[in-house]
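Student: Chains as they are written, first to last, in this note's numbering: chain A, 95 to 229; chain B, 95 to 229; chain C, 95 to 229.
There could be a bad hint or two in this list.
If chains are identical, the list can't say which one is meant, so a pair holds when it fits in one copy or spans any two.
[Unchecked claim] The list that follows gives simulated cross-link-like pairs (lysine to aspartate or glutamate, DMTMM-like), each with its CA atoms no further than 20 Å apart:
#, residue 1, residue 2
1, K97, D200
2, K97, E126
3, K97, D117
4, K219, D198
5, K219, E155
6, K219, E110
7, K97, E110
8, K219, D123
It should be emphasised that the hints constitute simulated quantities derived from the structure, not laboratory data.
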Amino acid sequence: MLKTLTIQTPSQGLHEFTHEVRDVVRSADLQEGLCTLFIQHTSASLTIQENADPSARRDLENWINRHVPENDPHYTHTMEGPDDMPSHIKAAITSTTLSIPIIDGDLALGTWQGIFLWEHRTSPKSRRVVVHIGA
Amino acid sequence: MLKTLTIQTPSQGLHEFTHEVRDVVRSADLQEGLCTLFIQHTSASLTIQENADPSARRDLENWINRHVPENDPHYTHTMEGPDDMPSHIKAAITSTTLSIPIIDGDLALGTWQGIFLWEHRTSPKSRRVVVHIGA
Amino acid sequence: MLKTLTIQTPSQGLHEFTHEVRDVVRSADLQEGLCTLFIQHTSASLTIQENADPSARRDLENWINRHVPENDPHYTHTMEGPDDMPSHIKAAITSTTLSIPIIDGDLALGTWQGIFLWEHRTSPKSRRVVVHIGA
Numbered sequence: 095m096l097k098t099l100t101i102q103t104p105s106q107g108l109h110e111f112t113h114e115v116r117d118v119v120r121s122a123d124l125q126e127g128l129c130t131l132f133i134q135h136t137s138a139s140l141t142i143q144e145n146a147d148p149s150a151r152r153d154l155e156n157w158i159n160r161h162v163p164e165n166d167p168h169y170t171h172t173m174e175g176p177d178d179m180p181s182h183i184k185a186a187i188t189s190t191t192l193s194i195p196i197i198d199g200d201l202a203l204g205t206w207q208g209i210f211l212w213e214h215r216t217s218p219k220s221r222r223v224v225v226h227i228g229a
Numbered sequence: 095m096l097k098t099l100t101i102q103t104p105s106q107g108l109h110e111f112t113h114e115v116r117d118v119v120r121s122a123d124l125q126e127g128l129c130t131l132f133i134q135h136t137s138a139s140l141t142i143q144e145n146a147d148p149s150a151r152r153d154l155e156n157w158i159n160r161h162v163p164e165n166d167p168h169y170t171h172t173m174e175g176p177d178d179m180p181s182h183i184k185a186a187i188t189s190t191t192l193s194i195p196i197i198d199g200d201l202a203l204g205t206w207q208g209i210f211l212w213e214h215r216t217s218p219k220s221r222r223v224v225v226h227i228g229a
Numbered sequence: 095m096l097k098t099l100t101i102q103t104p105s106q107g108l109h110e111f112t113h114e115v116r117d118v119v120r121s122a123d124l125q126e127g128l129c130t131l132f133i134q135h136t137s138a139s140l141t142i143q144e145n146a147d148p149s150a151r152r153d154l155e156n157w158i159n160r161h162v163p164e165n166d167p168h169y170t171h172t173m174e175g176p177d178d179m180p181s182h183i184k185a186a187i188t189s190t191t192l193s194i195p196i197i198d199g200d201l202a203l204g205t206w207q208g209i210f211l212w213e214h215r216t217s218p219k220s221r222r223v224v225v226h227i228g229a
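Okay, chain A solo, but in the shape it has when bound (with noise of 0.2 Å):
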């Protein structure tokens, strides 16, 4: 089973996403199985993270941006803004790809364990992430 759905961010930083990502699992009313998630882009990834305090996912995004910085004089692929080939290198240190078991009908997270959408462009963007369900 396949669905694509649609994430709207609002601007740069970690969207958590687990309820729309449990509302397609749930449909496919398979008691045990693997959930595979894939980002259609490659400015945004994904990333399971702590669901509980806020101050874990802003100092995850913080330390991100010292180490990945806009507007570092190496970079030569400067044509799409300052955020743009700071998100490629974001992307590719991160993941764009995820697969969750499926345990009793639903997502086997862990307790603190939510299913985000790392934004990395400072624009409001539309992302495609296709969700895979198999046995």
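Go by the hints and put chains B and C onto chain A.
Tutor: Same frame as chain A, now just chains B and C:
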């Protein structure tokens, strides 16, 4: 087929558990397929690395500790100890999930590849890794 | 279905092999499914990146070489040459495995996405990537 492994980690660093995964794959009795691992935590991660020379793993651990240090004054998420926020960042730039093909009833790892749980906290932990095996 | 691709890499950097993966997917003759790639090496990795402008790939390669340099005096694993330890670190912070959905019998890549083998060693290598295709 699904099985949850519990891995005890004595301390920060790379802990090989190839053998435990191989046992699950062999018990599945499947000639060809895919073995997917998912760690149910956000302060530990998974990686496939060289299992021959322990100096490579030490250098890897040292590199990540220099780039994601404890007690960085930028961190605000500090209530759970100095090793907590670095753990989330390390998990984000490594892997929560891995998929390894099964060929001839066994994991199709390269000659020097081992499967490691990368513990990012400093104290001993009990970690859960869900193993999914599909055709 | 499983197939092992052999990719010759002339030098360090990003080498696109979308075409070779697409050929395997088309020969599988499956309308919907999941294509998983696994690289059987610890000094090269996989990534999905923009395949339009080569300047993005050059900047990406330059960024990783600045953050994971050769001849770092902290390295102790140095017997296999100055490019060996950086290769393991680069592999750990990028991807060993990727899963791409199959829609309408083809890889469901976004408009600008290509599949790349990221060679981290400096000399020419022959690399094996196992392709698994499942429903």
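Student: Does each hint hold? Answer for all of them.
Tutor: We went through each hint and held it up to the structure:
In this assembly of identical chains, K97 and D200 lie within 20 Å of each other by CA distance both inside one copy and across copies; the values are 16 Å within and 15 Å between. Proximity of K97 and E126 under a CA criterion of 20 Å is satisfied in both settings, with 18 Å inside one chain copy and 11 Å between copies. Taking the shortest Cα distances, K97 and D117 sit within 20 Å of each other inside one copy (11 Å), while across copies they are farther apart (24 Å). Proximity of K219 to D198 under the C-alpha cut-off of 20 Å is found in neither arrangement, the shortest distances being 34 Å within a copy and 26 Å between copies.
Proximity of K219 and E155 under a CA criterion of 20 Å is satisfied intra-copy only: 18 Å inside one chain copy versus 26 Å between copies. Taking the shortest alpha-carbon separations for K219 and E110, only the intra-copy value of 15 Å comes in at or below 20 Å, while the best inter-copy value is 27 Å. Taking identical chains as interchangeable, the C-alpha atoms of K97 and E110 lie at most 20 Å apart only when both belong to the same chain, with a minimum of 18 Å there against 27 Å between chains. When the C-alpha separation of K219 and D123 is checked against a cutoff of 20 Å, the pair qualifies neither within a copy, at 31 Å, nor between copies, at 34 Å.
Violated hints, listed in ascending order, are 4 and 8; each of the other numbered hints is respected by the structure.
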